[in-house]
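Undergrad: Single-letter residue listing:
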Amino acid sequence: MQVRVRYFAGARAAAGVEEEKIDLDDAGAQTVAVLMDLLGLRHGPELTRVLAACTFLVDEIAAPPERELRDGVQVDVLPPFAGG
Amino acid sequence: MSVDSSRIHPPQRRVVLTAISDCPLDVRAHERAVADVRSGAVVTFSGEVRDHDGGRAVVGIEYEGHPNAAAVLAEIVAEVVPQTDAEAVAVTHRIGELAVGESAIVVAVSAAHRHEAFAACSRIVDEVKHRLPVWKRQRFADGTEEWVACP
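Residue numbers (my numbering), protein chains in the order written: chain B, 3 to 86; chain Y, 23 to 173.
Isolated chain Y, as found in the complex:
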């Protein structure tokens, strides 16, 4: 974290939302949730279901969460956000059946400047992907399916 001489206040590092949801995610709602007069940047990441993986055509992904997933998500974000210069953060992971193009995770971060917002957003996405007890089953166009990352 570099010292920002333009600041009047230190970063607030507020967590405004963490959730696991079985409904379609609203990217704009996450951006509004982190809106902050001290922020000059809002960075949003939407992780979406793409139509191919490993050279094969994908038609959808089912996400499954452990019953503790919401608590673990809150814990991860509470741990990571104090290590960033974010003003506010909102994170939701979706579970259930998703079609190609739908959002599986949305992370919105506001910060005084873009570098801080990009860095915090990237860090949060990495930590969540690494530590959240959520799994996905990819369904392929040829009718087969696989649990991703499962041997």
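Chain B extracted, bound-state conformation:
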């Protein structure tokens, strides 16, 4: 299956891309946590460090790391908020 990942702010800076499509193995349960491990390996320690502090949206709804992913979903990677 394939998911679309969108990075924001410091996560985008660490990943070096704004968004990307990621192929995941269809065998076994794929979760947000599994996807984040994969993204860390793909982009390196700087992104891994940022991901540890991030929250996630799956199709625009807040999702915990254990949330299972389906084909075609959009996953947003949100660093700690810093408004105001």
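Distance ranges between label pairs, derived from CB positions:
{"no.": "1", "chain 1": "Y", "residue 1": "Asp44", "chain 2": "B", "residue 2": "Ala29", "range": "41 to 49 Å"}
{"no.": "2", "chain 1": "B", "residue 1": "Asp28", "chain 2": "Y", "residue 2": "Arg36", "range": "46 to 54 Å"}
{"no.": "3", "chain 1": "B", "residue 1": "Leu26", "chain 2": "Y", "residue 2": "Ala57", "range": "51 to 59 Å"}
{"no.": "4", "chain 1": "Y", "residue 1": "Ala57", "chain 2": "B", "residue 2": "Lys23", "range": "49 to 57 Å"}
{"no.": "5", "chain 1": "Y", "residue 1": "Arg136", "chain 2": "B", "residue 2": "Glu48", "range": "46 to 54 Å"}
{"no.": "6", "chain 1": "Y", "residue 1": "Gln34", "chain 2": "B", "residue 2": "Arg44", "range": "47 to 55 Å"}
{"no.": "7", "chain 1": "Y", "residue 1": "Arg60", "chain 2": "B", "residue 2": "Ala31", "range": "50 to 58 Å"}
{"no.": "8", "chain 1": "B", "residue 1": "Lys23", "chain 2": "Y", "residue 2": "Glu124", "range": "34 to 42 Å"}
{"no.": "9", "chain 1": "Y", "residue 1": "Phe162", "chain 2": "B", "residue 2": "Ala35", "range": "32 to 40 Å"}
{"no.": "10", "chain 1": "B", "residue 1": "Glu68", "chain 2": "Y", "residue 2": "Glu84", "range": "28 to 36 Å"}
{"no.": "11", "chain 1": "B", "residue 1": "Ala31", "chain 2": "Y", "residue 2": "Glu119", "range": "36 to 44 Å"}
{"no.": "12", "chain 1": "Y", "residue 1": "Glu168", "chain 2": "B", "residue 2": "Val19", "range": "18 to 26 Å"}
Which chain Y residues stay away from chain B? Per the calculated CB distances, all over 12 Å, these:
{"no.": "13", "residue": "Val38"}
{"no.": "14", "residue": "Asp44"}
{"no.": "15", "residue": "Arg60"}
{"no.": "16", "residue": "Thr66"}
{"no.": "17", "residue": "Arg78"}
{"no.": "18", "residue": "His137"}
{"no.": "19", "residue": "Phe140"}
For the record, the hints were derived by calculation from the structure and aren't laboratory data. Just so it is clear, CB atoms sit at the ideal spot from N, CA and C, and this is done for glycine as well.
Put chain Y on the given structure of chain B with help from the hints.
TA: Just chain Y now, kept in the frame of chain B:
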């Protein structure tokens, strides 16, 4: 919330404005928007870009908002205002490139008395800062920059 025996009507708790804007914010316009004959107090908070942070000279801040930021702001304010004694509330968060001295957020609150207005304004600012999906990149005088609160 204490019982106010001077009241004729209960607090209206109206949300007159919530917005994300890429234009300079008008503090006075927010104050006018919350003007209310039942209010004896208008409290306005303007969160502004200061010229230093963590002992370093700051020359500007870029604010970035998630595409959902306007909807989230409306949701936060709709949730918090009923827990206050405000008559009316107006909130805007700015995004884009801001220079030192510019407003990043304006919260204006009218209420029957000052304590209610101060309390509601403070509460709204805290909730928005905590929950709104907005980020800032500080630019320092030495040419470096950092995403604030990002490890």
